[in-house]
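**Q** Using the hints provided, position chain B relative to the given structure of chain A.
Below are the chains, spelled out letter by letter.
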Amino acid sequence: MKDAILRTLRFLGLGFLEPVVRLAAGEDSKKNTIEILKKIVAPIASILLFLGVWYTGSKSLFNTEANYTIEKARKEQGQVEADKVKACIESGDLSCQPNTLPSPSQVWASYKLLLKDHNTITADKKAFKLRTAALNEKRVAQGKEPIVYTGRPSFVDQIKTSIKTVFAGFLLALLIATPIGIIIGLSETLRTSFNWLIQILKPVSPVVWLLLVFMIVKTMTKDATGDTSFIISFISVGLCSMWATLVNTAMGVSSVDKDYINVAKVLKLGALQKIFKVILPASLPLIFTGLRITLSVAWMVLIAIELLAQSPGLGSFVWEEFQNGANDSNSKIIVAMFVIGFIGFLLDRIMLTIQKFISFDKNEGI
Amino acid sequence: MAYLELNNVSKTFGTGDSTTHVLDKINLHIEEGEFVAIVGFTGSGKTTLVNLINGLDTPTSGEVLFKGKPVRDTSHERGVIFQNYSLLPWLTVYQNVEMAVKEAFPNKTKAFRDARIKEYVDLVSLSPAINKRPKELSGGMRQRVSVARALSMDPEMILMDEPLGALDALTRGNLQDEILNIWNKNKRTALLITNDVDEGLYMADRIIPLRPGPNATLGPEFKIDIERPRDKAALNDSEEYKKTRNALIEYLMDIGSERASNTQNLYKLPDLQPKDLRWDF
Chain A
246 MKDAILRTLR FLGLGFLEPV VRLAAGEDSK KNTIEILKKI VAPIASILLF
296 LGVWYTGSKS LFNTEANYTI EKARKEQGQV EADKVKACIE SGDLSCQPNT
346 LPSPSQVWAS YKLLLKDHNT ITADKKAFKL RTAALNEKRV AQGKEPIVYT
396 GRPSFVDQIK TSIKTVFAGF LLALLIATPI GIIIGLSETL RTSFNWLIQI
446 LKPVSPVVWL LLVFMIVKTM TKDATGDTSF IISFISVGLC SMWATLVNTA
496 MGVSSVDKDY INVAKVLKLG ALQKIFKVIL PASLPLIFTG LRITLSVAWM
546 VLIAIELLAQ SPGLGSFVWE EFQNGANDSN SKIIVAMFVI GFIGFLLDRI
596 MLTIQKFISF DKNEGI
Chain B
58 MAYLELNNVS KTFGTGDSTT HVLDKINLHI EEGEFVAIVG FTGSGKTTLV
108 NLINGLDTPT SGEVLFKGKP VRDTSHERGV IFQNYSLLPW LTVYQNVEMA
158 VKEAFPNKTK AFRDARIKEY VDLVSLSPAI NKRPKELSGG MRQRVSVARA
208 LSMDPEMILM DEPLGALDAL TRGNLQDEIL NIWNKNKRTA LLITNDVDEG
258 LYMADRIIPL RPGPNATLGP EFKIDIERPR DKAALNDSEE YKKTRNALIE
308 YLMDIGSERA SNTQNLYKLP DLQPKDLRWD F
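Which chain is which? The protein sequence lines are A and B, in order. So the first sequence is numbered by our numbering: it starts at 246 and just counts up by one. So the second sequence is numbered by our numbering: it starts at 58 and just counts up by one.
Bear in mind the hints are in silico, worked out from the structure with no lab data behind them. If a hint is listed, it holds; no wrong ones were tucked in.
Restricting the straight-line Cα-Cα distance to at most 27 angstroms, the calculated cross-link-like pairs of lysine-lysine (DSSO-like) are:
{"#": "1", "chain 1": "A", "residue 1": "K513", "chain 2": "B", "residue 2": "K189"}
{"#": "2", "chain 1": "A", "residue 1": "K601", "chain 2": "B", "residue 2": "K192"}
{"#": "3", "chain 1": "B", "residue 1": "K167", "chain 2": "A", "residue 2": "K519"}
{"#": "4", "chain 1": "B", "residue 1": "K189", "chain 2": "A", "residue 2": "K601"}
{"#": "5", "chain 1": "A", "residue 1": "K510", "chain 2": "B", "residue 2": "K126"}
{"#": "6", "chain 1": "A", "residue 1": "K247", "chain 2": "B", "residue 2": "K189"}
{"#": "7", "chain 1": "A", "residue 1": "K510", "chain 2": "B", "residue 2": "K192"}
{"#": "8", "chain 1": "B", "residue 1": "K244", "chain 2": "A", "residue 2": "K510"}
{"#": "9", "chain 1": "A", "residue 1": "K503", "chain 2": "B", "residue 2": "K189"}
{"#": "10", "chain 1": "A", "residue 1": "K519", "chain 2": "B", "residue 2": "K175"}
{"#": "11", "chain 1": "A", "residue 1": "K513", "chain 2": "B", "residue 2": "K244"}
{"#": "12", "chain 1": "B", "residue 1": "K165", "chain 2": "A", "residue 2": "K510"}
{"#": "13", "chain 1": "B", "residue 1": "K124", "chain 2": "A", "residue 2": "K510"}
{"#": "14", "chain 1": "A", "residue 1": "K361", "chain 2": "A", "residue 2": "K374"}
{"#": "15", "chain 1": "A", "residue 1": "K519", "chain 2": "B", "residue 2": "K189"}
{"#": "16", "chain 1": "B", "residue 1": "K82", "chain 2": "B", "residue 2": "K126"}
{"#": "17", "chain 1": "B", "residue 1": "K189", "chain 2": "B", "residue 2": "K167"}
Sample of chain A residues with no beta-carbon within 10 angstroms of chain B, all distances over it, derived:
{"#": "18", "residue": "R255"}
{"#": "19", "residue": "R267"}
{"#": "20", "residue": "R376"}
{"#": "21", "residue": "I404"}
{"#": "22", "residue": "A549"}
{"#": "23", "residue": "Q568"}
Predicted model only: the values in this text are computed from it and were never measured. Glycine residues also receive a C-beta, built at the ideal position from the N, C-alpha and C atoms.
For reference, chain A alone in the conformation it holds in the complex (with noise of 0.2 angstroms):
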């Protein structure tokens, strides 16, 4: 039972709390304590710092644009109307806080409203759904195109798509990428004619992919009804991102141990036998560790890339609020900060488990 637990854990990348699971067995509680104490109390205390440094930071800046706010109204309008601006800003009245830095408890605020406004929309869209159903089915009876709901996405919607997104683009770059890679991998003509190119597109800033890809599917897609936004914002994210998987599969093929390619040729093993028996098990360490870094490039991108394409999503999510300029804005922004931060943390842990499972290498990743 312990040990199926601790399995599990380690699996799942919860190591950490192997003390706990091992002190409550009733295993040796002088070493798991202390066990405790670094792995678990240590990383809170840390957080704890975190907060309360950014509590300090936010504070002080909130102080700095509020004295700048009174005395500007000050200079401006006089006395009355600067004494005025004080009252409202220590009221706590939303109209006149001063925009800066929020706080982590204005964050976690905007957080809930986040939530509670996608459950509000959550609602307003299955009420929608009820509504129409009967008209629907009239519709598409006649052949119609049904009504679907059009109202503004909710915060989690954003996130969904964000990672519809990210996936649609990482795979993109995985079947463009590592095909090509093991091509070039196998033979040195191949690498060194492109290698040009690679080195060449490689370092092009996702902005440049974005106009690249827009200029070509916006002719394409001339015909099409519909959004293209999400084909562009894709098809960017998976050009950006490819580049470290194409790089990685070549290396990892063309350096395949000499003693394994030995024996295949001893084996006389057939070319495909050769691909697929040997070289690949082989670079396979390799192929994953680019994979890893295209979907954390990925990841990256997708959000400047939504937010220039005006596809939805998180980045586009952020730039909306930015632009908006409400009071609550700041912190909404924020809070989609940790979120992304979040998933992308969440994503390159599901990569490092997959290639813990695939991968002969049974190294501990970094």
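**A** Relative to chain A, chain B alone:
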């Protein structure tokens, strides 16, 4: 005509000024069923020689003939046991051997292959570890897998490139016996490359020293007329064994010192005196 023939085989690497002449005019004849050992110093070109025979490499000049036909490529007829085992780490013992069996017997049924794989794994007494990966095995066990893999293809000739070099003396002794047993069973032709004179004396019918490279070439052969099966303990008292061993070691010592004097450069040493570092307080 001999079973395996090397006629004036030379091998050089690189071109121009950076050319290394590894092997020079090697002549070797091995008869069917013979067990020949080649002893040589490290770096004398032993692995290059094996690669030429198994077809991984081609000679710069001269020819390698196997059963009268020139060797151009690797072949199932010549099984190789590599120096560093060369097992595929992502496959289990069974799968490693299976790979060879599948290639050697592409038209046989799955049951036949399965039986053959198990037979050879059993032959090297690894049945309990058949589903383990190379990482979980000791050095000796890994080399046994390598032996099973090479033999399972039913090669007519076994090429062994310092197969036991990395093993401890005890494991090495056991594996020598195992290899000899298997060789004895169907009297395959065998070529053993080694740096251990005693290993050669114990296992082979003939020992040929490889004079160290560059321009390595084969020395005079030493016949070992000791009856099989040989007994390791009794060998030490055999006059024949002592005589051959002494002659062989003397020969190797001679070429060893020859090489040392050839490569010895006389450096002019700078006139340095240790500095006086006493503390004068």
